[in-house]
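Colleague: Can you make the complete structure from the sequences, with help from the hints?
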Amino acid sequence: MESVTYILSALSSDMGYDKTKLIRMNLNKIRNDYERRLREAERQAERERRENALEEEEYDNNSNETQEKNKRKRKEAATLAKVKQSKELARRKARRAGEPDDDDDPIAGMMYQKSRPLPGQLENCEICSKRFTVTAYSKTGPNGGLLCAKCSKEIADEEKKAKPKKTGPKSGRRQNQSNLLDGLVQRGAQSLVEMCTKARRSINGHKVADNINDVEEFGDLPPQLLHRLSQILSKRRVITPRTLQLFLRPDLDSIDIYDCAKLETEDYEKIFAFMPSLVHVNLRFASQMKDKVIEYMMDRNPKVKHLQLDAANLVSDTCWRQLFIKLGAQFESLKLSNLDSSLDDETIDVMSRQCTNLRRLKLKECWKPGDKSLDAISRLPKLEHLSLEFLRETQCENVVGMIEKLGPNLQTLSLQSFHNADDRLLETIHRQCQNLSKLRLADNAVCTDKGYANLFTDWSNPPLRFVDLSSTRDVDNANPDGPAEPVGLASQGFVALMKHSGSKIETLNISSCRHISRAAFEEVFNKDQTYPQLKELDISFHTTIDDYLVTSIFKCCPAIKKLVAFACFRVRDVRVPVGVALIGGLRAQDSIIVEGDFQGELS
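Our numbering puts the first residue of the sequence shown at 1, with every later residue one more than the last.
Just so you know, these hints were derived from the structure itself, not from any lab. A virtual CB, placed ideally from N, CA and C, is assigned to each residue, including glycine. Please note that a few of the clues may not be correct.
Said to hold, decoys possible - Okay, derived cross-link-like pairs now, DSS-like style, lysine-lysine, Cα gap no bigger than 30 Å in a straight line:
#1 LYS562 with LYS364
#2 LYS382 with LYS335
#3 LYS270 with LYS235
#4 LYS305 with LYS262
#5 LYS362 with LYS335
#6 LYS235 with LYS305
#7 LYS270 with LYS130
#8 LYS305 with LYS438
#9 LYS499 with LYS450
#10 LYS504 with LYS535
#11 LYS362 with LYS504
#12 LYS555 with LYS438
#13 LYS292 with LYS368
#14 LYS364 with LYS561
#15 LYS362 with LYS326
#16 LYS527 with LYS450
#17 LYS438 with LYS499
#18 LYS405 with LYS438
#19 LYS335 with LYS305
#20 LYS535 with LYS562
#21 LYS364 with LYS382
#22 LYS368 with LYS326
#23 LYS305 with LYS364
#24 LYS364 with LYS504
#25 LYS305 with LYS372
#26 LYS405 with LYS382
#27 LYS303 with LYS292
#28 LYS364 with LYS326
#29 LYS262 with LYS362
#30 LYS438 with LYS562
#31 LYS405 with LYS292
#32 LYS535 with LYS364
#33 LYS303 with LYS368
#34 LYS372 with LYS326
#35 LYS150 with LYS130
#36 LYS504 with LYS450
#37 LYS382 with LYS326
Said to hold, decoys possible - Cβ pair distances, simulated, as ranges:
#38 ALA136 with ARG47: 23 to 31 Å
#39 LYS561 with ALA478: 33 to 41 Å
#40 ALA136 with LYS161: 22 to 30 Å
Modeller: The structure is reproduced here in structure tokens:
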């Protein structure tokens, strides 16, 4: 403690009074605690010396039998004193409340229990007799002794196996929320048909997924059910080289595997070796597909007409060109996505010259195609369905030129992330496209509201069934109301769209089109309008949407099944009709509120 005094004196000379006072108090507390522990240790040592002296004296004066008796009495007295003061006794008495008052029973039961060693001491395991160090987590054995870690784990595993499973109803909140996101709403008891369908799916799908390693073969399942099994197993991430064997049947002409991430290069070769009659090939997340797999497919599967590959980044441009040269003439649909190291402009040019019978083309999130690819795609004579999403910037003139040539034959058109396309593209679609049923023009901040209004006004194209104009808005966050001349889909364009396609539209996505005014929503969804076939509507990130407008949407759309309203913060206590999934809003986590239909309230 001299060092403490020295420190205090040094601090007093170097620091002010206020700073030194707190340090002095702490050091004094440390010194007092240290002296108190020394005194307690001395008293304990003195007590042990007296007890040892007393035991030696008793040993000298009495026989061994008397000595053991006296020692046992002292231990029992000490144990009894501890038990009476322990919390365990209080808990036992509380549990015995209402029974005859008898303090001796719990005390007697505890007196003869084996005293538990303290943590840090050594003890022998009750089962295997192995010497181990006692911890606070050491478990008690069947006879009151302690168990080592290995025996404790074995006992816990046995108890877990022997514990019966709960048979009561389980909480389905997570599954209900998943169904809600899928647009599925269940109210009340299920019909017999629904129960049978669900049971069949459970037996053929999820139960198979849980026990997939025990399944030897699927037998002669129909292709539709086999496709459903592939979806379930892919979602559970259990498609492996072993489970892939269950789908390889020579009599089938199609294969759909939605998660090939765990497959190796040899597994792809097995697909084309066991299924020589393949016509439809759909392989997603095919990260280990290489050139030799494509070459093997060209030699073994000459009948392929529909090819869809995702993330096949190990296939080179040279191999893609060879594929188009050899099998391109028979391709009717080609869907390639998530390619960042291949499929450049030259490869697209070869595809356009060789795949002359293509009716459906989809290139999504491809890094290398650019303006030259747009010119090449415009030369496909029979193209009816076109879906493009390039990561390279392209010029508006090339996009307009492509639509100028392909527009008259197109039935579906999807152009996403073409940031430089302007109103000239909308004018070309209005003039050239007369047979569209699906239109997607998403993620653009150049086309104006006036351009969209002109597109849908007096357009000779039949009413659209699918429309996605999401994220078409001005991106200046410092000016959320946008410029004086609205950019993107705004009020005029939205009203013109619903006047043109409202009678037939089934799916509509206008999320993040933040320049649509409340007055426009009230005009479109007023009590005199009805959109009989609208089933899915996404109005996310519209701050003007509130309970009144959502209720108006429900009234005007009797067939609606799914309404997405993320970040619509004014949607709070809306009344949701039977069978409708409302996703988003401040109470999206709550159970769906069933209020019945709105018949009779439209007037």
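Colleague: Going straight from one Cα to the other, do LYS262 and LYS362 come out at no more than 30 Å?
Modeller: Answer holds: LYS262 to LYS362 is near 25 Å, not above 30 Å.
Colleague: LYS305 and LYS372 were given as a pair; does the straight-line alpha-carbon distance stay at or below 30 Å?
Modeller: holds, 25 Å
Colleague: Check whether the Cα positions of LYS504 and LYS450 lie no farther apart than 30 Å.
Modeller: holds, 23 Å
Colleague: With a cut-off of 30 Å on the C-alpha distance, tell me whether LYS150 and LYS130 pass.
Modeller: Holds, because 10 Å separates the two Cα atoms, which is no more than 30 Å.
Colleague: Starting from the range 33 to 41 Å, see whether the pair LYS561 and ALA478 falls in it by beta-carbon distance.
Modeller: Given about 38 Å between the Cβ atoms, the range holds.
Colleague: Check whether the Cα positions of LYS438 and LYS499 lie no farther apart than 30 Å.
Modeller: holds, 16 Å
Colleague: For LYS305 and LYS364, compute the direct alpha-carbon distance and say whether it is at most 30 Å.
Modeller: With Cα atoms ~19 Å apart, LYS305 and LYS364 stay inside 30 Å; holds.
Colleague: Holds or violated: are the alpha carbons of LYS372 and LYS326 at most 30 Å from each other?
Modeller: Given pair LYS372, LYS326 holds - Cα atoms ~23 Å apart, limit 30 Å.
Colleague: Assess, step by step, whether the Cα of LYS555 is no farther than 30 Å from the Cα of LYS438, and give holds or violated.
Modeller: holds, 25 Å
Colleague: Note whether the CB distance of ALA136 and LYS161 lies within 22 to 30 Å or breaks it.
Modeller: Check passed, 26 Å falls within 22 to 30 Å.
Colleague: Could you grab the alpha-carbon distance between LYS382 and LYS335 and see if it respects the 30 Å cut-off?
Modeller: holds, 16 Å
Colleague: Can you confirm whether the C-alpha distance between LYS438 and LYS562 stays at or below 30 Å?
Modeller: Since the Cα atoms of LYS438 and LYS562 sit roughly 19 Å apart, the hinted pair holds (cutoff 30 Å).
Hints 7, 31, counting from the list given before, are not met by this structure.
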